[in-house]
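Undergrad: Listed below, chain by chain, are the residues.
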Amino acid sequence: MRKLLEFLNRPSTRGNFFRRSINNLPFQILVCLLATGAVVVAAINEYATNKYLNVGYTPDQPVAFDHSFHAGPDSVLGLDCRYCHNFVDRSSHSNVPTSNTCWNCHSQVKSDSPALALIRRSVETGEAVRWVKVHKAPDYVYFNHAVHINRGVSCVECHGRVDQQVVVGQQKSLNMSFCLDCHRNPEKYLRPLDKVTDLSWKAESPEAQAAQGTKFVHDWKVNPPQSCSGCHR
Amino acid sequence: MSRYLTFLAIVVVAVIGFLGFQGKTSKQTPIYVFDDMDYQPKYKAQGENTFFADGRDARPPVAGSVARGTGLEPTKVFSAEYRRAESLNASFVTGKDEKGNFLLDFPAKSLTFLSSGELQPYTIDSKVLELGRAKYQIYCAVCHGDAADGNGIMKVRSAIEGDIAINTIANLQTAIYRAYPQGQIYDVINNGKNTMMPYGDKLSPEERWAVVAYLRALQLSQFSPPEITPASIKATAK
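Those protein sequences? They're chains V and H, same order as listed. Start counting the first sequence at 1; every next residue gets the next number (my numbering). Start counting the second sequence at 234; every next residue gets the next number (my numbering).
Read the hints as simulated data drawn from the structure, not as lab findings. Warning: the hint list may mix true and false statements.
Claimed, not checked - Chain V stretches covered by chain H per the calculated footprint, using a threshold of three residues with CB under 8 Å from any CB of chain H: (1) 21-35; (2) 53-65; (3) 74-83.
To be verified - Interface residues of chain V toward chain H, partial, derived using beta-carbon atoms under 8 Å: (4) 105; (5) 110; (6) 138.
We treat Cβ as the ideally placed atom computed from N, Cα and C, and that holds for glycine.
Let's have the full structure, built from the sequences with the hints guiding it.
TA: Structure follows, in structure tokens:
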């Protein structure tokens, strides 16, 4: 580097019209361009993908339902995910529960709570509770919940530890490379069917996961599509 | 150069200060720079709709509609000869016989067609009991408890909160529920009873019968008649 500067600053044999430091100009321009380029690349990488734009989206819901209290084996009530999202294993759409589902218990427990006012009104009048959708796939993606749940893909793979969230927010990027990570290597993610809604479950070791995952891929004939038309129909 | 690099560093700090890092929680709807066809104006499951008065995409069926099938096989469903299994075997869906009395035993026929066009006989096997166990533990154990003794989490919580559910949750190990005909247990699952809401919307007819079978297994585990109790269990019984 020093030699380069010495070379650029070497005494001129002709008359000098510019200051000698001007000889550094091409080098300085190069450094500034590289620095600007690095900043732009880093900014795009950080901000221009779902990992920034969508992850962390935690809207207020009309009724402050606390998943960490109700759902999952480690919670206070220990409800299974499917008690409320009861069509997840038989429909492409995982349903937000009907108000009647809340009322199964809340007609008996805390039925006068002001926090449940909207649910009470919905049960009485049939008016919809306008829950805010958090996890959105684009409308040209045809994601089927049932086929994933029934083949050992846990809720936690896409939704994260909802059983620990007081207010539900998006935890995974859900972009296309996220889908393909699993579609290319399903054996890393498949789990026993009775553990699908146990969000804290993990195989003892990555090797144990790979061994049982490979077995599940074979036994259940798991062949996740990697072609465009598999999901974009 | 140093002036420009200082300026660049200030810009970087300002952008990070304004936008933060990945994983920042936000209540704002995500921004879509190029939203392409991410949001299409089509009707979606549980979608919102400004056209209809109730604000829903989903339209309720017209009163008196009769289901003919799932719509996955329209040619079959709309042919004149098509018969829905449910219409041939109504007691499997209602838990009652033709006269409206509760079935005393499990239904004789299932809802699955054999290749001959007959309905397959309904049998309780380990697969049915496993299905019943899975569904019981999701939907029933919340109140009735894992052992059907009425000590589910609802009872525990209502004791803490001082709610009335502590008095209303049925202990299914009592003689009155052991004496219920199979069809009546099925009917309670399907339509609810007293303070229990119906669970027919959550369980298919096959799953409801599986839960009935599993409940009988739970009851037998607590009150097993001497003539069917294995000798090994009898020896350890007090």
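Undergrad: Run every hint past the structure and note whether it holds.
TA: Now for the hints, and whether the structure bears them out:
1. 21-35: Check passed, 4 qualifying residues.
2. 53-65: holds (count 8)
3. 74-83: holds (count 7)
4. 105: holds, 6 Å
5. 110: holds, 6 Å
6. 138: holds, 4 Å
Violated hints: none; the structure is consistent with every hint.
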